[in-house]
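Chemist: The lines below spell out each chain.
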Amino acid sequence: MKKFKVAILGTGNIGTDLLIKVQRSQYLECVAFVGRNTNSSGMAKAREMGITCSDKSIEFIKQNHKNIDLVFDATSAKDHLLHAPVFKDLGIIAIDLTPAKVGVMSVPAANLSDCLAADNINMITCGGQASIPLAYAIGQSQKNVEYIETVSIIASKSAGPATRRNLDEYIQTTEKGLIEFSGAKASKAIINLNPAIPCINMQTTVYAKVSNPNMDSLNTSVSEIVEKIKKYVPGYELIVPPLYENGRISIMVKVRGLGDYLPEYAGNLDIINCAAIAMAEEYAKNGLEV
Amino acid sequence: MSQDNHILISDPTLRDGNHAVSHQLTAKQIALYCSAADRAGIPIVEVGHGNGLGASSLQVGLAAIDDFTMLTTARDNLKSSKLAVHVIPGFATIEKDIKPAIEYGVDVFRVAAHCTEADVTERHIHFCRNEGKTVFGVLMMTHMADRFLLAEEATKMQAYGAEAVILMDSAGNYLPSDVVEKVSHLVETLSIPVGFHAHNNLGMAIANSIAAVECGALILDGCARGFGAGAGNTQLEALIAVLERMKYSTGVDLYKTLDAGNLAERELMKVIPTISSTSIVSGLSGVFSGFLKPVNRISQEFGVNPRDVFFELGRRKVVAGQEDIIIEVAKSLKGSKYDE
Numbered sequence: 006m007k008k009f010k011v012a013i014l015g016t017g018n019i020g021t022d023l024l025i026k027v028q029r030s031q032y033l034e035c036v037a038f039v040g041r042n043t044n045s046s047g048m049a050k051a052r053e054m055g056i057t058c059s060d061k062s063i064e065f066i067k068q069n070h071k072n073i074d075l076v077f078d079a080t081s082a083k084d085h086l087l088h089a090p091v092f093k094d095l096g097i098i099a100i101d102l103t104p105a106k107v108g109v110m111s112v113p114a115a116n117l118s119d120c121l122a123a124d125n126i127n128m129i130t131c132g133g134q135a136s137i138p139l140a141y142a143i144g145q146s147q148k149n150v151e152y153i154e155t156v157s158i159i160a161s162k163s164a165g166p167a168t169r170r171n172l173d174e175y176i177q178t179t180e181k182g183l184i185e186f187s188g189a190k191a192s193k194a195i196i197n198l199n200p201a202i203p204c205i206n207m208q209t210t211v212y213a214k215v216s217n218p219n220m221d222s223l224n225t226s227v228s229e230i231v232e233k234i235k236k237y238v239p240g241y242e243l244i245v246p247p248l249y250e251n252g253r254i255s256i257m258v259k260v261r262g263l264g265d266y267l268p269e270y271a272g273n274l275d276i277i278n279c280a281a282i283a284m285a286e287e288y289a290k291n292g293l294e295v
Numbered sequence: 045m046s047q048d049n050h051i052l053i054s055d056p057t058l059r060d061g062n063h064a065v066s067h068q069l070t071a072k073q074i075a076l077y078c079s080a081a082d083r084a085g086i087p088i089v090e091v092g093h094g095n096g097l098g099a100s101s102l103q104v105g106l107a108a109i110d111d112f113t114m115l116t117t118a119r120d121n122l123k124s125s126k127l128a129v130h131v132i133p134g135f136a137t138i139e140k141d142i143k144p145a146i147e148y149g150v151d152v153f154r155v156a157a158h159c160t161e162a163d164v165t166e167r168h169i170h171f172c173r174n175e176g177k178t179v180f181g182v183l184m185m186t187h188m189a190d191r192f193l194l195a196e197e198a199t200k201m202q203a204y205g206a207e208a209v210i211l212m213d214s215a216g217n218y219l220p221s222d223v224v225e226k227v228s229h230l231v232e233t234l235s236i237p238v239g240f241h242a243h244n245n246l247g248m249a250i251a252n253s254i255a256a257v258e259c260g261a262l263i264l265d266g267c268a269r270g271f272g273a274g275a276g277n278t279q280l281e282a283l284i285a286v287l288e289r290m291k292y293s294t295g296v297d298l299y300k301t302l303d304a305g306n307l308a309e310r311e312l313m314k315v316i317p318t319i320s321s322t323s324i325v326s327g328l329s330g331v332f333s334g335f336l337k338p339v340n341r342i343s344q345e346f347g348v349n350p351r352d353v354f355f356e357l358g359r360r361k362v363v364a365g366q367e368d369i370i371i372e373v374a375k376s377l378k379g380s381k382y383d384e
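These protein sequence lines are chains A and B, in that order. Counting along the first sequence from 1, when you hit position 186 you're at 191 in the working numbering, and nothing is skipped either side. Counting along the second sequence from 1, when you hit position 18 you're at 62 in the working numbering, and nothing is skipped either side.
Because the hints were derived from the structure by calculation, they are not lab data. Here a beta-carbon is modelled for each residue, glycine too, at the ideal position from N, C-alpha and C. Be aware that a few hints might be false.
[Said to hold, decoys possible] Straight-line C-alpha distance at most 20 Å; calculated EDC-like pairs for lysine to aspartate or glutamate:
1. A:190 / B:232
2. B:375 / B:352
3. A:106 / B:139
4. A:162 / B:190
5. B:200 / B:232
6. A:181 / B:352
[As the list claims (entries may be wrong)] One-sided and incomplete, this derived list gives chain B residues near chain A with beta-carbon spacing under 7 Å:
7. 368
8. 372
9. 376
Using the sequences and the hints, build the whole thing.
Modeler: So, in structure tokens, the structure goes:
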């Protein structure tokens, strides 16, 4: 079978982890690993894997666009705002791993096929990929969702400089996604970094305020969505099934990463990459070119 | 009195104390205490949800009134005292929380992070400084890091533009010797003032605060009747009295502070903070004092011993804001009981 040709823009932790996942995929192949710094450890890893590398950033994509079906943009929100119109002009599908919020928000367990019509897909945030499917299950099974809140705790070591500088954007983008997918009237996102050694796994809690909750229907919805997520995020685990206490619904999950480029505790980085790969494979399976 | 002997007093009664009443302080209570603190000449009065600006949530508790009501009420009742807020990036954002707080008239932003994570405060500190506000960096749960790491993190805050760095003993775990070791090192390392915020879980709040000023801290936090999370904070009235006796100047009126203490006891609290048995365990295990109420509530719901929950939380090195882990710990403790 002919594989979908993808380029990865951004050679940090996210980009390099994506590369390993792409090379394992039966639907995707990485034709270029592109950034700004030839000496980055990501570039070294890519060269070792025999991948074409470039430090010409977006210019490389412009010059080689005929050979690229899809780009993963793992740079920064600021850079993606500049890149997005370029991808569009070149007719390349963009999967955006920054919180730039340019394209359609994608949570594969909830709206995978709906996204195929779009040419720019936003993967929201790591906490969003863990919490929004649960918020979606709440929205699907309950009538009046007044409020949804999510809290993610991640290991300090898994939060790079960009994550740390962008906590506000993380919060805003996650809150927007929670509302969009659950239909709740209001939302709140909280993120916490934990420096404990050995590093903790990513843990995410979703709380909801729902008038007259139907817990049976919620349990069914949540079990279904967790099974769907596990198909593309094997380390996603429900550790506290829907619980009604103190007038609120709580659901808690733990995410262990695959340990590809990043250690297993970095479930936060793994889940957004797994979701991005699931999205790209869906395009490939449908043989779509914009 | 020489400048060297001056200690700046910051009073978080209406912020840390909110933990003690599950964030249910009302506008009337805020108005009454602000007037009393203002009359006593307390330089900085901190107001808000226990976890600060934008923190009202199911995770750490919904506040009875919103930030707008809390801060505008406080502003209306503070004439000479400055109005301060506690800001934790990860809860509060610049757009949604800090910009409005500036509009409501907040003077001092105390931007806080877990003691090893100072770099998350960079943008918030920058922003508040650029707006011309007074900004202190706050390192929380500082018993969890050694003095070298604390100095590294505090130096980052100084570089971002913080005008002072406050070390919080959020778990009430310090002994005076710990204070001396850490505060002296920070005083030597930084070019900005160092402050200390104590909790009283092991009965050490006043002693620790005094140890801090004796080795060069210039800012101390104290709360009326010690009204604060867990076993409470340094009791402000006693602190002012001790500082007076030791010939430090604070500019605070002792009699009027005693009056403010009486008012706080009458108007703000159902019970005066005490070192409860569970609080002692909380301090020993090094868990954030604000966990006391949720740990008690959830332990009761699950039928487990809150002391076991605290020691397990301490073993897992949880940090402030991780209240969701309490449910998981209680659930697993209950599970292990069934296994027996």
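Chemist: Of the hints given before, which are not true for this structure?
Modeler: Of the numbered hints given earlier, those the structure breaks are 1, 6 and 9, listed in rising order.
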